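Number of protein chains: 2
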Amino acid sequence: MSVQATITEMAVRAKKAARVMASLSSEAKNRVLLRMAEALLDRQGYIRAENGKDLAAGREKGLSPAMLDRLELSDKVMQSMIAGLREVAALPDPVGEISEMANRPSGITVGRMRVPLGVIAMIYESRPNVTVDAAALCLKSGNAILLRGGSEAIHSNLALAKVLQEVLTAEDIDAAALQVVPTTDRDAVTFLLGLEEHIDLVIPRGGEGLIRFVAANSRIPVLKHYKGVCHVFVDADADIEMSVAVVMNGKTQRPGVCNALECLLVHKDIAAAFLPKAAAALRVAGVELRGCSATKAIIADCVAAGEGDWGMEFLDLILAVRVVDDMDAAMDHIARYGSQHTENILTANYANAQRWLREVDASAVMVNASTRFNDGGQFGLGAEIGISTTKLHAYGPMGLKELTTKKFIVYGNGQVRG
Amino acid sequence: MSVQATITEMAVRAKKAARVMASLSSEAKNRVLLRMAEALLDRQGYIRAENGKDLAAGREKGLSPAMLDRLELSDKVMQSMIAGLREVAALPDPVGEISEMANRPSGITVGRMRVPLGVIAMIYESRPNVTVDAAALCLKSGNAILLRGGSEAIHSNLALAKVLQEVLTAEDIDAAALQVVPTTDRDAVTFLLGLEEHIDLVIPRGGEGLIRFVAANSRIPVLKHYKGVCHVFVDADADIEMSVAVVMNGKTQRPGVCNALECLLVHKDIAAAFLPKAAAALRVAGVELRGCSATKAIIADCVAAGEGDWGMEFLDLILAVRVVDDMDAAMDHIARYGSQHTENILTANYANAQRWLREVDASAVMVNASTRFNDGGQFGLGAEIGISTTKLHAYGPMGLKELTTKKFIVYGNGQVRG
Numbered sequence: 000m001s002v003q004a005t006i007t008e009m010a011v012r013a014k015k016a017a018r019v020m021a022s023l024s025s026e027a028k029n030r031v032l033l034r035m036a037e038a039l040l041d042r043q044g045y046i047r048a049e050n051g052k053d054l055a056a057g058r059e060k061g062l063s064p065a066m067l068d069r070l071e072l073s074d075k076v077m078q079s080m081i082a083g084l085r086e087v088a089a090l091p092d093p094v095g096e097i098s099e100m101a102n103r104p105s106g107i108t109v110g111r112m113r114v115p116l117g118v119i120a121m122i123y124e125s126r127p128n129v130t131v132d133a134a135a136l137c138l139k140s141g142n143a144i145l146l147r148g149g150s151e152a153i154h155s156n157l158a159l160a161k162v163l164q165e166v167l168t169a170e171d172i173d174a175a176a177l178q179v180v181p182t183t184d185r186d187a188v189t190f191l192l193g194l195e196e197h198i199d200l201v202i203p204r205g206g207e208g209l210i211r212f213v214a215a216n217s218r219i220p221v222l223k224h225y226k227g228v229c230h231v232f233v234d235a236d237a238d239i240e241m242s243v244a245v246v247m248n249g250k251t252q253r254p255g256v257c258n259a260l261e262c263l264l265v266h267k268d269i270a271a272a273f274l275p276k277a278a279a280a281l282r283v284a285g286v287e288l289r290g291c292s293a294t295k296a297i298i299a300d301c302v303a304a305g306e307g308d309w310g311m312e313f314l315d316l317i318l319a320v321r322v323v324d325d326m327d328a329a330m331d332h333i334a335r336y337g338s339q340h341t342e343n344i345l346t347a348n349y350a351n352a353q354r355w356l357r358e359v360d361a362s363a364v365m366v367n368a369s370t371r372f373n374d375g376g377q378f379g380l381g382a383e384i385g386i387s388t389t390k391l392h393a394y395g396p397m398g399l400k401e402l403t404t405k406k407f408i409v410y411g412n413g414q415v416r417g
Numbered sequence: 000m001s002v003q004a005t006i007t008e009m010a011v012r013a014k015k016a017a018r019v020m021a022s023l024s025s026e027a028k029n030r031v032l033l034r035m036a037e038a039l040l041d042r043q044g045y046i047r048a049e050n051g052k053d054l055a056a057g058r059e060k061g062l063s064p065a066m067l068d069r070l071e072l073s074d075k076v077m078q079s080m081i082a083g084l085r086e087v088a089a090l091p092d093p094v095g096e097i098s099e100m101a102n103r104p105s106g107i108t109v110g111r112m113r114v115p116l117g118v119i120a121m122i123y124e125s126r127p128n129v130t131v132d133a134a135a136l137c138l139k140s141g142n143a144i145l146l147r148g149g150s151e152a153i154h155s156n157l158a159l160a161k162v163l164q165e166v167l168t169a170e171d172i173d174a175a176a177l178q179v180v181p182t183t184d185r186d187a188v189t190f191l192l193g194l195e196e197h198i199d200l201v202i203p204r205g206g207e208g209l210i211r212f213v214a215a216n217s218r219i220p221v222l223k224h225y226k227g228v229c230h231v232f233v234d235a236d237a238d239i240e241m242s243v244a245v246v247m248n249g250k251t252q253r254p255g256v257c258n259a260l261e262c263l264l265v266h267k268d269i270a271a272a273f274l275p276k277a278a279a280a281l282r283v284a285g286v287e288l289r290g291c292s293a294t295k296a297i298i299a300d301c302v303a304a305g306e307g308d309w310g311m312e313f314l315d316l317i318l319a320v321r322v323v324d325d326m327d328a329a330m331d332h333i334a335r336y337g338s339q340h341t342e343n344i345l346t347a348n349y350a351n352a353q354r355w356l357r358e359v360d361a362s363a364v365m366v367n368a369s370t371r372f373n374d375g376g377q378f379g380l381g382a383e384i385g386i387s388t389t390k391l392h393a394y395g396p397m398g399l400k401e402l403t404t405k406k407f408i409v410y411g412n413g414q415v416r417g
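If you read the sequences in order, they're chains E and Y.
According to numbering that gives the first Met the number 0, the first sequence is numbered sequentially starting from 0.
According to numbering that gives the first Met the number 0, the second sequence is numbered sequentially starting from 0.
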């Protein structure tokens, strides 16, 4: 069978299975998730052996130690997948929730019912644990899922899917609700992204290159964020000790992730008092500062920032620093260079705090907190399947609810329109 | 300036104006809308004169009387635009609403704030009143809008935009918040659909050809419905008189619209009692029936339905009729041939009603009511900018809320992640 025929058949089968998934009770879905956790435990040997094939191939291809590390289904990763399945089982089921019921002048009663999206395609790189984490969230929210991981993890992904599918079959649920694309052909992805009749949503996860490729080639709606260029603005009257702690946390706690701090904006009236303390702490943590001329006038040994440092996602121990005239200048900088991910103000000024929350356009805006809090778990969504920095459907971390939609339901007694 | 440069400049200016729109108070927005209503009244002479140019050009080009009728800004259409502006001014403002506030274990307080989408592009055909109706909804929801109407209405659309922009300027609001693309070049649309950095949402309104063109060419998220193939399923124990009335209303009250009834599914146990009565009423109204063989066995003079009649949007006094074994067969028919628009059951059976509402996948599912109720006004949204049959962001009629999104807001006191 051609790649195109294979992908089409998978999508058609997924669409059919989605109807089954949409009608499953919460109890049935939770039982499946808990049995999947058991199955991962029971079939560890098989999964490790298949993962070993990917690791061997990766070593042969000369993958970096960091990449091999991300590829490995270690004890810790296996445990985290198993724990993840159990956590998702314990989350409330969003499907079926009815809201906004109201009687209308015509006599009909109108409300909205939360329903699954249908078929979700997940396109991701390297880490095979995404196969299990994403499947758990999609199944719990009543969707079918098509998974397309990186070519270097193909054996691991197929093995994980096989084990999870065995549980579906044992529970008498169409195993097509969870499928891994069995080919590593890139054309398969391009073709899949054209199947808008069968697939309702695409979620890409990986580097900016992968995400731009998916967005550029998809006829299906895509939920994505390209990058996280997160700013903190230290206002004129911010608490200096707090500001140093929040900036340190944002930059150094986990510099390689999308909610890490990348650019510090400092009100000119607090710069002389704040910047030396911040620089001292950051220097101890090994952070390289790249400052504007006003910053360099205060922190003489910092690197001079170039235009390319504004709006840059360093994902490293590097921080761009700019002194600004006031909050409006900070907001203008963010409107120009930000990525609509996470934008924070540190301030003691009530009016500024309120204006920041209202006017700054980002998936998360915060007062007096670290950018690192932009996360589904920290926000109380339970678990996240990704973060959206586009505004349609979801803006910010996406949990179970964001994998559903609401349809209108109408109760009538024979009403007709006049 | 090239078309591409013109469109890019318009989009950049719209994006800038969107920041202004997002911060306007409800009072300011309502005042603008009411002044726009006044301005349409005051400037009727100018608007009519420009509309006259389009009508003359249309006559010369040989447009049909129906198309000329849709193009004309008659007294009635002017009145309806003015009334529409006042109605939208009276609707509650969705922007700024805060929901789901909760304290998290970390000590931060997290909630969601409703905010505008940003820049909305509207691509539509023929009727120039859409220019005003769409602008009103987008401005009230705090968005900037780019309008691209049909080439045959270009003078009318530019004149309407000019009058509305004069109000924005008089109110000291950046007039770039409302712009009509001044060229009728189709390449301008294709180019505009690639400006994902500047435009947040595209809403096409018109024939299926236009909508498919927009969906196929857009890098920007699109909210759309291709067509409305609405079904009514008459269950075994439905009230026959009510069913005749609901079917008549769905098919004949306004056959040319997307929520008109196109296909009638009848449970085999009620077919002999129901179909002759329905056929008699429909015949009087001039409706042509196209039935399956079981239907023909009861209504001898109906046309034999071909495969092409299932899933067909007739938009005319034609109704496809199929006798089915049971509700599951009706649901299978809809899953195969439906357009996810409006799917109704007529029944006295409680369990069937509940199952229908849960399991049928459409933007609106109803029990014992006419398909004609799938409408923003009837559902209580106040006014609608379109209907979405894709599930991302909005499913069903879209009102003011659907032109907004929710961002996360966080109140902290210096919290950092451990």
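Just so you know, these hints were derived from the structure itself, not from any lab.
Where hints are given, some of them may not hold.
Identical chains blur together in the list; that is why a pair holds if it fits in one copy or across any two.
[Stated by the list, open to error] Straight line, CA to CA, 27 angstroms or less: simulated DSSO-like cross-link-like pairs of lysine-lysine:
id, residue 1, residue 2
1, K161, K267
2, K400, K60
3, K52, K161
4, K267, K52
5, K295, K223
6, K226, K52
7, K295, K75
8, K60, K295
9, K405, K60
10, K15, K226
11, K223, K405
12, K223, K14
13, K52, K15
14, K276, K400
15, K267, K223
16, K223, K400
17, K161, K75
18, K15, K223
19, K267, K15
20, K405, K295
21, K14, K226
Just so we're clear, the structure is a prediction, and the values are computed from it rather than from any experiment.
Hint check:
1. K161 x K267: neither (59 angstroms within a copy, 43 angstroms between copies)
2. K400 x K60: Neither. Shortest intra-copy (40 angstroms) and inter-copy (51 angstroms) distances fail the 27 angstroms Cα cut-off.
3. K52 x K161: Only inside one copy: K52 and K161 sit 16 angstroms apart there, 67 angstroms across copies, limit 27 angstroms.
4. K267 x K52: neither (57 angstroms within a copy, 58 angstroms between copies)
5. K295 x K223: Classified as neither: same-chain Cα gap 36 angstroms, cross-chain 52 angstroms, threshold 27 angstroms.
6. K226 x K52: neither (32 angstroms within a copy, 49 angstroms between copies)
7. K295 x K75: Answer is neither; intra-copy 44 angstroms and inter-copy 67 angstroms both fail.
8. K60 x K295: neither (45 angstroms within a copy, 68 angstroms between copies)
9. K405 x K60: neither (47 angstroms within a copy, 45 angstroms between copies)
10. K15 x K226: between (35 angstroms within a copy, 22 angstroms between copies)
11. K223 x K405: both (21 angstroms within a copy, 16 angstroms between copies)
12. K223 x K14: Both. Shortest intra-copy (22 angstroms) and inter-copy (20 angstroms) distances satisfy the 27 angstroms Cα cut-off.
13. K52 x K15: For K52 and K15, the Cα distance exceeds 27 angstroms both inside one copy (33 angstroms) and across copies (53 angstroms).
14. K276 x K400: neither (42 angstroms within a copy, 45 angstroms between copies)
15. K267 x K223: Close neither inside one copy (35 angstroms) nor across copies (48 angstroms); limit 27 angstroms.
16. K223 x K400: Both ways: K223 and K400 sit 16 angstroms apart in one copy and 22 angstroms across, limit 27 angstroms.
17. K161 x K75: within (21 angstroms within a copy, 64 angstroms between copies)
18. K15 x K223: Both: 26 angstroms inside a copy, 23 angstroms across copies.
19. K267 x K15: between (60 angstroms within a copy, 26 angstroms between copies)
20. K405 x K295: For K405 and K295, neither the intra-copy (53 angstroms) nor the inter-copy (39 angstroms) Cα distance is at most 27 angstroms.
21. K14 x K226: Answer is between: at 20 angstroms across copies they meet the 27 angstroms cutoff, but 31 angstroms inside does not.
Comparing the model with each numbered hint stated earlier shows that hints 1, 2, 4, 5, 6, 7, 8, 9, 13, 14, 15, 20 do not hold.
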